[in-house]
Amino acid sequence: MSQTDIDAAIATTRFGLGARPGEIAEAARNPRGYLKGQIRRQGADIFKTDGENTNQRLAEFEAYRRERAMARTAAPAPTPAADAKPAMMDAKPAPDDAVKAARQFIRQNTAGDMLGRVQLATDTDAGFRERWALFWANHFTVSAIKVQTATLVGPFENEAIRPNVFGRFADLLGAAETHPAMLLYLDQAQSVGPNSRAAQVRRRGVGLNENLAREILELHTVGVDGGYAQADVTEFARALTGISIAGPRDAGVEGVVFRAQTHEPGERTVMGVRYAEGGREQAGAVLGDLAAKPQTARFVCTKIARHFVADDPPPALVARLEKTWTSSKGDLARVAETLVGAPEAWAPRPAKFKTPYEFVISSYRALGQEPRGLGQVNAALNGLGQRPFGAPSPKGWPDEAGPWAASDALVKRMQFAQALGASLGPRVQDPVAFANQTLGARLSPASATAISRAESRPEAVALLLMTPEFQRR
Amino acid sequence: MNAPMLSRRAFAAAGLALPFLARVADAAVPANKKFVVIICRGGMDGLSVAAPVGDPDYAALRGGLALGDTALKLDGTFALNPALANVHKLALAGEARIAPAVATPDRARSHFEAQDVLETGAAGVYATTSGWLNRSVQAMSAAGKIEAISVGPTAPLILRGPAPAASWSPGRGVDTAARLPMLLQDLYKDDPLLGPALARGLITETMARDSGATDDAMGGGMRAGAAQGAEAARALGEALAGFLKAPGGPQLAAVSLDGFDTHANQAGLLSVRLTALDALVDGLHTGLGPAWKDTVVLAVTEFGRTARVNGTGGTDHGTGSTALILGGGLKTGGIVGDWPTLKRQALFEDRDVYPALDLRALEKGLLAEHMGLDRRMLDTAVFPDSEGVRPLLGLV
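Line by line, the protein sequences give chains E and P. Numbered per our numbering, the first sequence finishes at 1386, counting up by one with no gaps. Numbered per our numbering, the second sequence finishes at 405, counting up by one with no gaps.
Hints listed in this document are in silico derivations from the structure and should not be mistaken for laboratory results. Treat the hints with care, as some may be off.
Stated by the list, open to error - Derived contacts from chain P toward chain E, CB cut-off under 10 Å, selection only:
{"hint": "1", "residue": "A68"}
{"hint": "2", "residue": "A69"}
{"hint": "3", "residue": "L203"}
{"hint": "4", "residue": "H272"}
No residue lacks a Cβ here, since even glycine has one placed at the ideal position from N, Cα and C.
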């Protein structure tokens, strides 16, 4: 077995999303070149949706909200907690059919987006590019757990994340933080400067919300040890005031707006830097400075290394990525190239345990199939604790084995493998060849023997999907 | 059923010590004390869990979020959120108490840092990678008498670590004696992560079936994923009770509820979450039956929220919050720890409820008195470098 064979298996499974039939052979021609060829300036692929953009989805949600308000006035059976219902959980039937239909519509939108995203991942020839996009979508998590943002997660990813993942980090950061989905998810849209004109007029019930400011610092840029204090969070939140979303009263305007009347007037100081009053530009200046901080390079490069290589990433790899990040001023295409070229990233031992999403996607890829509907995918992801688009917090999904390798989860992975083996396994002609084209040089002799001794094709497929080497990457 | 055969096989294949199975055969070891930790993630607003309605500054600080006449009175100062009706019933029976101003030692107001400190039990952030409940297992299993379980699809940090801990979440039952699990156990025999995990998963499935904790048995009320709905939460509580009271069942357990991060429109959001918490407690209480008297349940969160309402009908990240202590064997008494009041000069950094009680003191006290852990282990192993935090005694 040659080094190239081993590298081809690593390229498709560790960097990519798992090998499709024939992919390892293709990668074996030049494993590193195979990956570098997937990096492109125009960004990651856009997944298929019903074609609606964020503004259309916002308008639909606004219509739903009106319907619901009307239904409540008509039949005062208040469900004060309706807002709190996670969008994809079964909700109690609303008192009015129109509301029910609207809610159904929201759920269908979100599910349709997810199906498009899953199919892109199972079908793409550029698995590394897609994994890179998924990493950034998780870094800038917007979760469908909040009903207001449920239908926006898909458009957010397609509009703000995917076009920017091979550009400059500062641009990606700007696009993500000022997208309507993020403004709603982290409560920025309602935040009002305490000394703004709007607050002077309506004294009660309006004010600052520091959620977005804190999470930008802690999760998206410098990290929790990045050297900021509560005062920096509050000052940054003040700078962000005014950035909001057009509402029903903003005739002729859509999407993100800057409301000077809710912006906190005056100079701000964030992490020791003074920012002159400058309306919308003030927050932009803070974001630009945060993107350029060395703490941000350190924090984000560590996350990249952790995602791609090991829960406890090799310091030499982090240093390498950081160096490129700094010298290229956060050019993410250059950082991706450095990752591919780093010897630490090609260690033969697979140190990463697949997340449920990665496990499910790679299973379909191994079989060369795309799921036609979400039924089996949703059941598996819900059962394994990774609800589609439903990260539990702005921190996104964990990237380490600890949370995912629960004993219950192994049983549920086995059930998924069994079900997929039963439905798609009969199409597999030669189980041993199937195992080889899926894992290549990574297939262990013990696994190969077990698969060759399987009593049926479905059992062989289930076994392959559950081998220690398929569970890892 | 083929369960015993599977169990032996699982045991052998994974090379595992599984005390709770061994005890099925050895009923002479008494293992009746149970300790359950409910983690309310997102920063639960203590002032809405147990509202200090009698505190003179409460109404002004809380504005539109202040609880009115519907709050469930506990004493002259405190009243529970109306969503906590079952907890209130237990409180009136002397089986639930509140600790209204607790906090971990962490002060960063970051969810993730604070949850890390809450679950590792360390004095500072990212100081250790295992959870304090896992180390409690270790501290006790020298005597070979303890096992632990988490309920939910992922493994919470509080139970991660070197001691074996099972996890379970609702789903279709699995035929644990079928060919595939057998083949996999052979394939995993040298795998330090997957081998033990699958073996415990299969054993837990067997236990779930034997104790009736299956989706069908619970009327289909359980759904995989987060237990947010009240019915799902109640079913989860009942299922966990089934594990705890099974012969040789686990004595330590952890379960998480999400969604307590209420930056906007807090009243409605929180009402749903607290209803789920209340249902979970009720499911545990009714499910445990007579075993409730030997059980202590502790509901905690990573931090409280700002004393003042923010600009969006919610509250931002704060410090002191409320813990709930429940169980059939609690001693009666008032609030646990001091109430620092909401006077402006008493607020922490002029914004949060003052952290008057270190959460570790409460946890150490319960582990010492209820589970019998010794002080030295608590000070050094379970809660590292915590000699200065005296266990709060006298609760059970």
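List in ascending order the numbers of the hints, as given earlier, that are violated by the structure. 1 and 2
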